[in-house]
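Protein chains: 2
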Amino acid sequence: MDLQTAVKAFRDLQLKLHAYNHAMGVMHLDATTVAPAGTGEGRGISLGILSEAAYAIETSDEAKELVKYLLAHKDELSAQQAREVEMFARSSEYTASIPADEFTAYQVHLNKAGEVWKNAKNTNDFASFAPYLEKIVETNIKFAKYYKPEGDVMDTLLDQYERGFDQKQADAFFAALREKIVPLIAKIKEKTQIDDSFLHCDFPIDKQKEFSDYLMEVLCIDRNHCTIGETEHPYTTNFNKNDVRITTHYYKNDLTNSMYSVIHESGHATYELNCGDEYQYTCLSGGVSMGIHESQSRFFENIIGRSEAFCELIFPKVCELFPEQMQGKTAHDFYLAVNKSEPSLIRIQADELTYALHIMVRYEIEKALIKGEIKVSDLPRVWAEKMKEYLGVDVPDDARGCLQDSHWGSGSIGYFPTYALGSAYGAQFLACMEKDLDVYGLVREGNLQPIVDWLTEKIYRHACMYDPKPLFESVVGAEFDPHYFTDYLEKKYSAIYGL
Amino acid sequence: MDLQTAVKAFRDLQLKLHAYNHAMGVMHLDATTVAPAGTGEGRGISLGILSEAAYAIETSDEAKELVKYLLAHKDELSAQQAREVEMFARSSEYTASIPADEFTAYQVHLNKAGEVWKNAKNTNDFASFAPYLEKIVETNIKFAKYYKPEGDVMDTLLDQYERGFDQKQADAFFAALREKIVPLIAKIKEKTQIDDSFLHCDFPIDKQKEFSDYLMEVLCIDRNHCTIGETEHPYTTNFNKNDVRITTHYYKNDLTNSMYSVIHESGHATYELNCGDEYQYTCLSGGVSMGIHESQSRFFENIIGRSEAFCELIFPKVCELFPEQMQGKTAHDFYLAVNKSEPSLIRIQADELTYALHIMVRYEIEKALIKGEIKVSDLPRVWAEKMKEYLGVDVPDDARGCLQDSHWGSGSIGYFPTYALGSAYGAQFLACMEKDLDVYGLVREGNLQPIVDWLTEKIYRHACMYDPKPLFESVVGAEFDPHYFTDYLEKKYSAIYGL
Numbered sequence: 005m006d007l008q009t010a011v012k013a014f015r016d017l018q019l020k021l022h023a024y025n026h027a028m029g030v031m032h033l034d035a036t037t038v039a040p041a042g043t044g045e046g047r048g049i050s051l052g053i054l055s056e057a058a059y060a061i062e063t064s065d066e067a068k069e070l071v072k073y074l075l076a077h078k079d080e081l082s083a084q085q086a087r088e089v090e091m092f093a094r095s096s097e098y099t100a101s102i103p104a105d106e107f108t109a110y111q112v113h114l115n116k117a118g119e120v121w122k123n124a125k126n127t128n129d130f131a132s133f134a135p136y137l138e139k140i141v142e143t144n145i146k147f148a149k150y151y152k153p154e155g156d157v158m159d160t161l162l163d164q165y166e167r168g169f170d171q172k173q174a175d176a177f178f179a180a181l182r183e184k185i186v187p188l189i190a191k192i193k194e195k196t197q198i199d200d201s202f203l204h205c206d207f208p209i210d211k212q213k214e215f216s217d218y219l220m221e222v223l224c225i226d227r228n229h230c231t232i233g234e235t236e237h238p239y240t241t242n243f244n245k246n247d248v249r250i251t252t253h254y255y256k257n258d259l260t261n262s263m264y265s266v267i268h269e270s271g272h273a274t275y276e277l278n279c280g281d282e283y284q285y286t287c288l289s290g291g292v293s294m295g296i297h298e299s300q301s302r303f304f305e306n307i308i309g310r311s312e313a314f315c316e317l318i319f320p321k322v323c324e325l326f327p328e329q330m331q332g333k334t335a336h337d338f339y340l341a342v343n344k345s346e347p348s349l350i351r352i353q354a355d356e357l358t359y360a361l362h363i364m365v366r367y368e369i370e371k372a373l374i375k376g377e378i379k380v381s382d383l384p385r386v387w388a389e390k391m392k393e394y395l396g397v398d399v400p401d402d403a404r405g406c407l408q409d410s411h412w413g414s415g416s417i418g419y420f421p422t423y424a425l426g427s428a429y430g431a432q433f434l435a436c437m438e439k440d441l442d443v444y445g446l447v448r449e450g451n452l453q454p455i456v457d458w459l460t461e462k463i464y465r466h467a468c469m470y471d472p473k474p475l476f477e478s479v480v481g482a483e484f485d486p487h488y489f490t491d492y493l494e495k496k497y498s499a500i501y502g503l
Numbered sequence: 005m006d007l008q009t010a011v012k013a014f015r016d017l018q019l020k021l022h023a024y025n026h027a028m029g030v031m032h033l034d035a036t037t038v039a040p041a042g043t044g045e046g047r048g049i050s051l052g053i054l055s056e057a058a059y060a061i062e063t064s065d066e067a068k069e070l071v072k073y074l075l076a077h078k079d080e081l082s083a084q085q086a087r088e089v090e091m092f093a094r095s096s097e098y099t100a101s102i103p104a105d106e107f108t109a110y111q112v113h114l115n116k117a118g119e120v121w122k123n124a125k126n127t128n129d130f131a132s133f134a135p136y137l138e139k140i141v142e143t144n145i146k147f148a149k150y151y152k153p154e155g156d157v158m159d160t161l162l163d164q165y166e167r168g169f170d171q172k173q174a175d176a177f178f179a180a181l182r183e184k185i186v187p188l189i190a191k192i193k194e195k196t197q198i199d200d201s202f203l204h205c206d207f208p209i210d211k212q213k214e215f216s217d218y219l220m221e222v223l224c225i226d227r228n229h230c231t232i233g234e235t236e237h238p239y240t241t242n243f244n245k246n247d248v249r250i251t252t253h254y255y256k257n258d259l260t261n262s263m264y265s266v267i268h269e270s271g272h273a274t275y276e277l278n279c280g281d282e283y284q285y286t287c288l289s290g291g292v293s294m295g296i297h298e299s300q301s302r303f304f305e306n307i308i309g310r311s312e313a314f315c316e317l318i319f320p321k322v323c324e325l326f327p328e329q330m331q332g333k334t335a336h337d338f339y340l341a342v343n344k345s346e347p348s349l350i351r352i353q354a355d356e357l358t359y360a361l362h363i364m365v366r367y368e369i370e371k372a373l374i375k376g377e378i379k380v381s382d383l384p385r386v387w388a389e390k391m392k393e394y395l396g397v398d399v400p401d402d403a404r405g406c407l408q409d410s411h412w413g414s415g416s417i418g419y420f421p422t423y424a425l426g427s428a429y430g431a432q433f434l435a436c437m438e439k440d441l442d443v444y445g446l447v448r449e450g451n452l453q454p455i456v457d458w459l460t461e462k463i464y465r466h467a468c469m470y471d472p473k474p475l476f477e478s479v480v481g482a483e484f485d486p487h488y489f490t491d492y493l494e495k496k497y498s499a500i501y502g503l
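The listed protein sequences correspond, in order, to chains A and B.
Residues 5 to 503 in the numbering used here are what the first sequence spells out, letter by letter.
Residues 5 to 503 in the numbering used here are what the second sequence spells out, letter by letter.
Since the list gives no way to pick out one identical chain from another, each pair is judged satisfied if it fits inside one copy or across any two copies.
Pairs of lysine-lysine residues, derived as BS3-like cross-links and limited to a Cα-Cα distance of at most 30 Å, are as follows:
(1) Lys375 x Lys473
(2) Lys116 x Lys12
(3) Lys256 x Lys321
(4) Lys256 x Lys213
(5) Lys149 x Lys375
(6) Lys213 x Lys321
(7) Lys321 x Lys211
(8) Lys211 x Lys256
Bear in mind the hints are in silico, worked out from the structure with no lab data behind them.
As the structure is a prediction and not an experimental result, all values here were calculated from the model.
From just these sequences and the hints, can you work out the full model?
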């Protein structure tokens with residue numbers, strides 16, 4: 005084997021793996037958007053076979069030999085080639101640590117579990133979902149131990165979504181948030197509450213769909229490479245940088261639920277759409293970590309989307325689409341209403357301030373589940389207790405409690421903290437961006453392209469070329485500091501509530 | 005290798021191949037329904053890799069050895085097992101006759117060609133599509149010659165869609181139709197024309213969607229295993245017998261276009277949904293041939309869907325959904341309007357009588373293209389000439405001419421005759437069914453289940469267990485005779501037009 009041949013073969017291998025992931029991704033998208041309800045079994049069988057094939061490709065002797073050969077010739081590789089080898093090896097080491105049959109069986113299980121979760125949520129039937137979640141928790145623990153037998157399981161899981169992030173950092177991070185957020189919430193409680201009832205009247209779905217298209221346009225989404233669909237739980241998926249899909253969920257009596265889902269998912273989509281062409285079809289394609297990804301989705305959702313400038317920008321369109329509902333209201337009323345801070349039940353509807361507490365509830369439950377301190381069957385009770393403790397709300401049922409999110413049912417344990425982390429990353433990015441751009445001036449003008457360009461230059465174009473920590477630090481020129489986020493929140497909510 | 009091991013390995017092989025076809029099918033469905041426009045290239049790359057893998061599975065040494073071993077032990081196999089081996093061998097012999105790289109390159113080409121066709125149709129730009137179609141024609145010829153070097157290419161192509169059907173039969177069949185249909189059309193021309201203008205006013209799409217759901221319910225479609233989507237050109241696809249998808253295309257100013265697409269595709273779907281469970285995930289799953297398939301879609305579309313009994317059944321629903329549009333109209337007016345016979349431009353909108361002439365135009369063009377008598381660049385001219393000759397209509401543009409159908413762009417040459425053949429099969433099935441059931445009495449009652457059950461018993465449940473010819477003859481107890489169809493047409497149109 006010579007170097008050129010090896011490099012070519014390695015690229016082909018990555019492309020092949022990409023094709024399987026592409027196919028499985030489309031099948032998953034289909035399953036959650038338009039597939040008939042009774043089709044899970046057949047899909048599970050096919051996904052099992054395809055994921056088995058993908059597993060075989062990633063852990064094949066050919067792959068191992070190529071990695072070994074290329075690592076031995078690392079000095080002759082370009083920086084990108086070397087990174088491809090490093091990242092491929094990192095992923096295949098994890099995959100190979102899991103026995104093939106267990107790997108495949110778990111993919112089939114997840115396919116089924118997603119379907120069961122959806123039904124369980126719709127019928128408020130936690131018991132039907134519990135055995136599926138039990139197996140997911142068990143499997144997460146088992147796989148983490150296969151991969152890092154000596155490691156702490158929860159640390160291993162956190163690292164999978166945000167490389168280098170562990171419980172020590174997470175605990176410190178959440179403590180820093182709690183210290184600032186809890187008193188802020190208490191102060192707001194004493195103030196006159198904002199009236200947001202005009203956002204909860206009748207909003208015809210077809211008009212909401214028009215509104216989604218408008219928002220995606222404002223957010224500079226290239227619709228030639230990104231569509232929007234409808235799912236139980238909104239998400240973004242990408243098959244390559246030119247094929248990105250976002251989803252939302254429309255509610256007839258709620259304008260902002262879908263609106264902020266669309267903005268959030270558009271943030272994810274923007275990241276994917278603007279990755280560097282040179283990484284396309286390699287294992288370096290796409291966003292580098294969930295923390296960085298959520299920094300973008302939550303940046304657009306909150307720092308941009310819930311700013312007064314953005315509300316002023318879009319309010320004329322809101323009035324055009326929903327003239328009766330907005331009668332007598334101003335852009336400032338709209339701004340106040342979308343920033344109403346109030347402890348509530350549903351994470352994706354939570355305001356920026358109380359949001360982190362929703363994440364803390366989930367993070368602590370995940371830790372307890374993984375450490376075996378609680379069982380899956382305890383979840384409804386523990387969820388209710390923690391929601392009462394942190395947010396002071398009573399959980400009326402599991403649909404609005406521990407069944408509300410799709411993450412656990414799709415196998416993701418250790419993902420939730422990245423939402424809060426992303427929010428905090430975003431605030432530090434903003435501070436940095438404001439040195440170069442009049443951010444809110446641009447938003448007010450409806451000219452978001454320079455903001456996207458700035459993020460593309462600093463973050464998006466690099467795809468997975470750098471790990472999240474060095475990438476983050478290269479952008480802000482410093483270490484991560486959660487006080488940018490708490491300062492941002494204090495300033496914003498003090499102004500809104502006159503604290 | 006022992007027999008049990010071989011049978012098991014052979015089943016696994018079929019299942020594996022099924023999984024790849026499932027994935028590629030979902031990707032195709034996604035491409036034609038919701039994918040953003042600019043995503044063809046990435047999809048083509050992945051489809052190329054997956055079809056290469058499927059090719060490798062179907063033509064692998066393992067597959068060859070299994071087939072050889074099982075053929076040598078044919079006497080020890082069940083009838084179904086023996087048929088699986090026979091059908092698998094038949095398909096893999098064809099696949100293996102094509103060099104792997106050409107096979108894959110063609111799949112990639114078809115993916116692109118489908119996209120180009122759609123744009124060409126929408127912009128009436130035949131020139132942009134012509135080079136893609138040229139390659140498709142060339143490749144069809146080349147592949148047919150690889151497979152049957154001594155065979156007549158057009159016969160080889162016809163045989164792929166309807167085993168045992170060749171030009172000799174097709175020519176005789178179309179001659180029989182022409183002999184009866186052309187004088188009928190001439191007689192109708194002398195009569196007072198039917199007013200169907202009330203079917204071409206404004207029909208809101210959301211109401212048409214409700215109507216589709218209603219029609220699928222009437223047609224006994226199990227919505228738990230069948231959804232409806234929207235595409236440029238309606239079609240049915242199935243990933244297994246429990247996962248069937250139909251599509252339609254809604255036109256704001258035309259009720260019956262989508263209505264009869266939905267009924268037509270529901271006929272295809274009913275066939276797939278009612279195949280025997282024992283064939284699931286084997287190469288015997290699904291409908292046996294395009295002729296038999298079209299016999300079902302056209303049976304429901306026309307023999308059922310354009311009957312007076314059906315119009316009486318559904319008319320109250322039509323009035324409920326479209327009260328203004330139906331004001332002053334009766335079920336009989338509706339029946340007459342949906343059976344208005346008039347030479348027209350668009351095949352899928354054509355009435356039952358002139359429909360076969362649309363097929364003849366296509367069949368003759370296909371023959372001429374394959375034999376090299378005309379070139380792809382001649383298509384617009386030849387199309388217009390033949391439409392004038394057979395139907396007496398002037399073709400105003402290619403969008404309503406040779407670009408109207410998706411078939412050629414998706415690689416299907418020799419498929420069109422099965423529509424006419426299916427229509428004729430259907431009339432002979434009806435004659436037979438009427439001996440057992442009061443077909444139109446049941447339709448009038450809205451009780452179509454006994455009709456579906458009859459067809460399931462005689463046709464659907466057998467999936468690909470028998471070739472189309474013996475299957476057909478087992479149902480009707482005789483040979484195929486096109487006069488059942490021409491008699492049916494004569495009777496129906498004589499009554500409608502008082503001939």
